[in-house]
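Place chain A on chain G using the hints.
Chain residues, written in single-letter form:
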Amino acid sequence: MERREQDILDKVEEKTKDIQVPESLRPEQIEKLLEEKGKNNKSNRARLYRIGGLLAACLVLAAGIGITRNMGKNMTLGNTTENVAELAEESKQDTGGSSFPEDVSDAGSEEKTDDYKKVYSYIKAKLDMQTREESMFFDTAESGAVKDAMPSDMKKESVSEDMAMSATDTGGANASGGGYSETNVRQEGVDEGDIVKTDGRYLYVLKESGEQISIVDTKGALKEVGKIKAKKNRQIQEIYVMPEEKRLVCIAAVYEKQQLKKTAGDDAEEVYIYDEDFTYLGNGGGMSEKIEAVTYEINTPENPKKLGSITQSGYYTSSRLAGGYLYLFSNYSVGNNIDSHKPRTFIPMVNDDLIREKDISLPPFKCGSMYEVVTAVNLDKPSEAADSKAIFTDGGSLYVSNENIYYYETQWSDNGDAEKTVIRKLGYKDGKLSSAVQGNIKGYINDSFSIDEYKGYLRIVATVGETNSVYVLDGKLKTIGSIKKLAKDERVYSARLLGDTGYFVTFRETDPLFSVDFSNPKNPKILGKLKIPGFSDYLHFYGKDKLLGIGMNVEEDAQVTDGVKLSMFDISDNTDVKEENKLVLKNVYSTDVSYDYKAALIDVGRNIIGFTGSTGGGERYYLFSYDEKEGFSCNMSEEINGRSMRSARGLYIGDSLYIVCGNVIEAYSLKDYRKVEDLIL
Amino acid sequence: MRCDAKKFAQMYEEIYKDLYRFALCRMRNVQDAEDAVSESVLAAYENIHKLQKEAAFKSWMFVILANKCRKKLKESGDRQKREEGGLGNLPEASKETLDYGIALDVKKAFLILSPEEQEIIALSVFGGYNSREIGSVLNLNPNTVRSKRSRALEKMEYILE
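Protein chains in written order, with our numbering: chain G, 1 to 681; chain A, 1 to 161.
Next up, chain G with everything else stripped away, as it sits in the complex:
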């Protein structure tokens, strides 16, 4: 961890260390409480409680503590990185150059039961390495930790047939109807799932419980007219609505209800995962065994009809919808008990089929235990996989352009060396996924706006140690152009690239907005930089020659943020960008847009900028319009009455604005910004 980061943690510790714990929580009181509890405990026993996955996590955690406490840095990532370097070297020799990851398809292997030999050996290597690390500090009884008792009813290993899908080109993704808002997405033409969607009349709202989607008619008074309930042990993560095709897709995490696990040790007892304890944690959280995408036909939204469903191993990472195909992403970790004769113990599955070895991109090093799995689904045949691929990973992020899927992951180092980001590219078209190509850059990528494809080139803005770099990579992910050592001691806060020009914001004390010319990919050039107080952490093109920045203002003397800041940049001359207007919302100390672009409602045509802000008095929804001369006008600032673990969403249909937060929908008129009605689901 960087020193600066440690300092912040220390500050929190310092500021909270003198907190008085309430009397009732003092150990003496607790002891009394428990003694009394003990007396009438019997009656409570019937209730099975939590644990299982949790306990497993604990034991692993305990192992982890031992390691770091005893060894300090050496045993953690620093060491892993070393191994990585060594093995990468080896791997290079194998493949003759930097063309790893090896794609097994070249080997033209037939599908037999022992097909997964190579994959198995890589996973085994990884697990062995982990066990070695752990057993250095624990006797064998402990290092065995938790053994997975995999279900013994192994069905015959089915081998998936290559499914020839009719490649029907449905053209671009859902075209805007104009009269209503759509989810604010990263890439135009590539739709993303969200927790609220509309088709121009109905609102489809994921309820706070994650167990239901409410379908609300906005015509006349708001009225819930239908619902889709998730099956048991499922938590809906995100939904898609395709207004023209009359389809709704619901993506859910599937939790094993009572996953039987046996613990090592003398009294091998059964423990249970109790699903009510696994509530929504956001993307990447939770411990789902697999994800399920269910497609419905919604000709009559009051009565959705299920068309089919597909499952995929792992927990939900993300998804995209383009050209009538859904692309599902999940992250699958291999358990501890793998068996070379039972591919199901280490190969991810789509429905009941194992992913074929030729569709698995092996890791660049000869070990690995986690996959990112992607499956394409033709929504006309929603129970079948059009194609699937899996790549080994240690965990990364996604950027999906109109033609390619980029999966990037940073390899951090603890010893102060610059981190490295490995980028894998999979082509996609009409449900077909092409093999991975790999490249890497120095540094880390702030978010998916800092990585952008244009005319076959991939442009990246990265923070490298204490400085920042701009890279241009060709179709094979080879770096062909770069600018290095930009903005020392600052880091990238946001970026937006369009065509030949890119903009990015770095920050330390003031906010330089850089503009970059990418017209010659081999020779990108910094055109200019504009220094202003504060920083934007979200950038959005706002009509011709305008760039909107949403971020924080920073009080220059104290270096403390003092409110959310809106900036409008005039980019008509990209060598001389100007901050045309700004507005600081004092007392609004954060906005969800800073970390969740889907929380933004931005419509240039209608001149609407909407988002939530946190104030001392709770969450509020703000709506602005912009005029070159008048600057930003705040048309609405209303308390949000719903409560939710997730960010609130603002959507419009015609002249109505709907603010959805948890189970509460509030409707406002966009003519006079007055509240019209509300509905509690």
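Each hint should be verified, as a subset may be incorrect.
[What the hints assert, rightly or not] Cross-link-like lysine-lysine pairs, in silico, DSSO-like; alpha carbons within 27 Å at most: (1) A:K107 with G:K37; (2) A:K74 with G:K231; (3) G:K455 with G:K598; (4) A:K50 with G:K17; (5) A:K71 with G:K17; (6) G:K37 with A:K6; (7) A:K6 with G:K17; (8) G:K586 with A:K50; (9) A:K108 with G:K37.
Simulated from the structure, these hints should not be mistaken for laboratory data.
Predicted model, so just to flag it, every value in this text is computed and none were measured.
Leaving out everything else, chain A in the frame of chain G:
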């Protein structure tokens, strides 16, 4: 493991301040934080026979508490709906004075974070855990924890006075 009230209280004594601070940073006010800790204690005690090793007590408690906080936050959202039965009464509810029990800038710095980031930071500070250990609790890979923690700290930096 076998454990009576006395033994439990001894183990608890080592960590209760950290547990309470964790809860304060996650919950909306002092009362909710207190409830979260005491409910977690009861749940843990009831299930203490499932705990294999005393050494794992601390992390086990943090896992239970993290889940408890998450669940309670969710429930308070649901309860609000049930109790109030309509939005007409809401201004009343929002008038409740919020006693954070913690320096305002620290609370603000936590409020700016997503729930997951809050957990990562609170586990770092009060649990003293590294990215790998936090990853085990939250079922995230260590790299993801590191990126998220880094991002969260950047956000907090400018709010902490």
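Checked hints:
Our distance criterion of 27 Å between C-alpha atoms is broken by K107 (chain A) and K37 (chain G), whose separation comes to about 34 Å. With a C-alpha separation of about 20 Å, the suggested pair K74 (chain A) and K231 (chain G) falls inside the 27 Å cut-off, and the hint holds. Distance check on the hinted pair: K455 (chain G) and K598 (chain G) sit about 26 Å apart at the alpha-carbon level, within 27 Å; holds. About 32 Å separates the Cα atoms of K50 (chain A) and K17 (chain G), which puts this hinted pair outside 27 Å; it is violated.
Under the criterion of a C-alpha separation no larger than 27 Å, the hint pairing K71 (chain A) with K17 (chain G) is consistent with the structure, at around 26 Å. A threshold of 27 Å between alpha carbons decides the hint, and for K37 (chain G) with K6 (chain A) the separation of about 13 Å falls inside it, so the pair holds. In summary, the hint linking K6 (chain A) to K17 (chain G) is supported, as the alpha carbons are separated by about 26 Å, within the 27 Å threshold. This hinted pair does not check out: K586 (chain G) and K50 (chain A) have alpha carbons roughly 51 Å apart, beyond 27 Å.
Pair hint K108 (chain A) plus K37 (chain G) does not hold up; C-alpha atoms about 37 Å apart against a cutoff of 27 Å.
Violated hints, in rising order: 1, 4, 8 and 9; the structure is consistent with all others.
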